Amino acid sequence: MNREEIEQRVKKVICRVLKIDSGMIEPSSHFVFDLGAESTQSVELVAAFEQEFDIELEDDAALAVKTVGEAVDFIAQRVA
Amino acid sequence: MATTAPPRPAERPSSHPLDAVFSPRSIAVVGVTATPGTVPYDIFRNIRQAGFAGPVYPVAPGKRDIDGVPAYRYLLDIPEPVDLAVIVFPAEVVDRAIDHCVRKGVRAAIVISAGFREIGPAGLQREQRIRAQCAEHGIALVGPNCLGVINTDPAVRLNASFARKMPHAGRIAFLSQSGALCTAVLDYARDKHIGFSKFVSFGNKAGVTEIELLEYLHQDAGTEVILLYLEELREVRRLMEAALRVARGQPPKPILAIKAGRTPQGAAAAASHTGSLAAEDAICEAVFREAGIVRVESIDELFNIAVLYAQQPLPAGKRLGIVTNAGGPGVMAADAAVRLGLELPPLAPATQEALRKALPPTANVKNPIDVIGDARADRYGLALRHVLADPGIDQVLVILTPQSMTDIGGIAESICRLAAEQGAAAGGQALPARKPIACSFMGAEDVAEGVRILQQAGIPHYILPEWACRAMAGVQQILRFRAEAIDRPRPPSVDHQAARQVLAAAPAGYLTEDEALRVLAAYGLPVPAWQLCRSADEAVAWAEAHGYPVTLRVASRQIVHKSEVQGVALDLDDAGAVRDAFQAIQRRVAERRPDAEIAGLVVRRMIPAGYELIVGAKRNPVFGSVVMFGLGGVLVELLGEVSFALAPLGPIAAGRLIRRVRAARLLEGFRGQPPADIEAIADCIVRVGQLVADFPRIAELDINPLLVSPPPVGHQVADARIRLA
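Those protein sequences? They're chains W and F, same order as listed.
Under my numbering, the first residue of the first sequence is numbered 471, with each subsequent residue one higher.
Under my numbering, the first residue of the second sequence is numbered 1096, with each subsequent residue one higher.
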């Protein structure tokens, strides 16, 4: 899976969980400050990424991810 | 929400930076969520529900609206100006939100979010960042880690907090470092119909502190009393100066405070709670008193005094009249009143006569006035009217116990009527003077209706009569402070240069006795003549010239407790004794402390016995240089009573420092002893205060004892130690 494909799927998950338009999402977007993620939604996002990419993410490390770009990198390192 | 056009928020003629906090024209809540029951959502809802007059903008990325109010992704997207930003985002992005405040030209920010100084170094760094951002751009910052701000002014109606209900409007301002305590206090106060003007939880006080708030509230026409809950003192000197201006200024406003962390256990809890060590309690107590802050023990006591002060006229003096329908509680109240410094004078003969005619023969017409268990509203009203009219009474306490014939609601109403009638010549007998009335309807369920009537009419009610007495004594304390002379420290004339020479040359640690005496003498302290001698011949020559008997004491930086190494000899009354003692001390010290470097031995005249006083000073990390006064000697040491004050201080404060030690009454001439020169002792304290204020390197100073002997000797420094940092 290439990076572009991961990015598209990450965006799709974010739109679904946070119920926002994809137009709002940039690689630099901060989940809380720019996209309005509430604390419960951050946990939901981690679960949704796990499902989408069929991977397991360590909670602490996953919750330390702050921006969309960081999320793409984080997942890219963990998918084959 | 009001359906008619809301009034514009009140604006002050000249804008104060905190106006944007208390009376903003518009508010943005930054980081709102759509989830009821979360702080970010509830704050937005509370602001709207309280009926804030201006626009409230939700900043909620990704949301179209919050409760039907169009939401903005960023603060910068709001087309209109914003005065106040209430920031409810998680701590990690608060700096970004503040950055937008700067760019938007927001004037004030309340940061509700936790996750700053209180969580450790990472949080502290975050806090310092937002503090610097706000300071640089002149944004008034309240918080972080706080409950928020409430202003009950009907023209503003601001509830920017996560307290569920808006409090009643009133004349009491409440400032708290603890946010959670605020919610409890609000609930408590609602139940008792206590109203507030302003209510502020200032949390970690990164920007706005209690000092700015005190100064603001001093000028606030809606505030009459200021209540303060503090856990941590940071800028003590500034706080004390501000408190003095408020408590003494025009108009004077009392400050009542709870300073938590009194016990070492409490201090440790407060330290882990707010991230700093609580200060030493005894010093705090003294410093508060000198600044006119009334320190209380509990929330109950805080409001007991505040309500009486804010809701009733001020008493002309401390004479109390008690009207009761039960003997026992009357006696208990009388005991408490007298113990707390109030007076319970007998009523004027004319009042007694009038009461005797009007009351049943078994009634007591002295003070307390017992109207007897079967008294109903008419008898209570009559007795209260006579007592209020008595020119020898300044305030009245009405006690009621619920007996089967007691008409509780009627009695409460009659008290309210008389309170309202005061100051105006109404029908019947006129009550020209306005005097404070407090009530204690004892019990709970049976008296509840009467208590409600009293509280709604603004008559303070206390469950126990003793609490009413404590509240009255608290008001006396406020009035007494206002009447106290103002201390104006004026530096005494000293030889600063001579003291500096000694201190500059000395390393950290204890000065030798010779050095310590030179420093004290330079500051004009009464140090009797002495000489540092290197040989027995030198000591004998000095003694021959100055007269016997003399003392010899070893002088060494390494020897602090001279008597422990037998480095002291007293009462030496001829040359032979001086010579023998000199050699003996040299030998003993050399044996016991071969490591010690001996500068020589100090020879001085023996000072005749007298009262032993201790005058000391210590540098404290919170308070700076603090002076201490106490009596020495075995008995007084056992009582362990000392008093403290900030240095420098003037002679009036020094006099108060002496009188605060109860045993100091000995100095006024106890049981036929001649009185000591208290002014001269106060002057010593002033000089010690000036010395430690001038040289912050002095970590500790002890004149122990300052010996007070009968004239002509007077008072003299008998021994002194100074430790340098």
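Any given hint could turn out to be false.
Below, computed lysine-lysine pairings styled on DSBU-like, alpha-carbon distance capped at 30 Å [stated by the list, open to error]:
| hint | chain 1 | residue 1 | chain 2 | residue 2 |
| --- | --- | --- | --- | --- |
| 1 | W | Lys481 | W | Lys536 |
| 2 | F | Lys1461 | F | Lys1413 |
| 3 | F | Lys1199 | W | Lys536 |
| 4 | F | Lys1287 | F | Lys1260 |
| 5 | F | Lys1158 | W | Lys482 |
| 6 | F | Lys1199 | F | Lys1158 |
| 7 | W | Lys482 | W | Lys536 |
| 8 | F | Lys1260 | F | Lys1158 |
| 9 | F | Lys1413 | W | Lys481 |
| 10 | F | Lys1158 | W | Lys489 |
| 11 | F | Lys1452 | F | Lys1413 |
| 12 | W | Lys536 | W | Lys489 |
| 13 | F | Lys1713 | W | Lys489 |
| 14 | W | Lys536 | F | Lys1287 |
| 15 | F | Lys1657 | F | Lys1713 |
Note that these hints are calculated values from the structure, not bench results.
Quantities reported herein were computed from a predicted structural model and do not represent experimental measurements.
Hints, one by one, checked against the model:
1. W:Lys481 to W:Lys536: 14 Å, holds
2. F:Lys1461 to F:Lys1413: With a Cα-Cα distance of about 17 Å, the restraint between F:Lys1461 and F:Lys1413 holds, given a limit of 30 Å.
3. F:Lys1199 to W:Lys536: Measuring from Cα to Cα gives roughly 25 Å; hence the hint holds.
4. F:Lys1287 to F:Lys1260: Judged against 30 Å, a Cα distance of about 14 Å means the pair holds.
5. F:Lys1158 to W:Lys482: Holds, at about 18 Å.
6. F:Lys1199 to F:Lys1158: With Cα atoms ~21 Å apart, F:Lys1199 and F:Lys1158 stay inside 30 Å; holds.
7. W:Lys482 to W:Lys536: Status holds; Cα separation ~17 Å.
8. F:Lys1260 to F:Lys1158: With a Cα-Cα distance of about 26 Å, the restraint between F:Lys1260 and F:Lys1158 holds, given a limit of 30 Å.
9. F:Lys1413 to W:Lys481: 75 Å, violated
10. F:Lys1158 to W:Lys489: Holds - the C-alpha atoms of W:Lys489 and F:Lys1158 are around 9 Å apart, at most 30 Å.
11. F:Lys1452 to F:Lys1413: Given that 30 Å is the threshold and the Cα spacing comes to 28 Å, the pair holds.
12. W:Lys536 to W:Lys489: 18 Å, holds
13. F:Lys1713 to W:Lys489: 63 Å, violated
14. W:Lys536 to F:Lys1287: 47 Å, violated
15. F:Lys1657 to F:Lys1713: At roughly 21 Å apart (the allowed maximum being 30 Å), F:Lys1713 and F:Lys1657 satisfy the hint.
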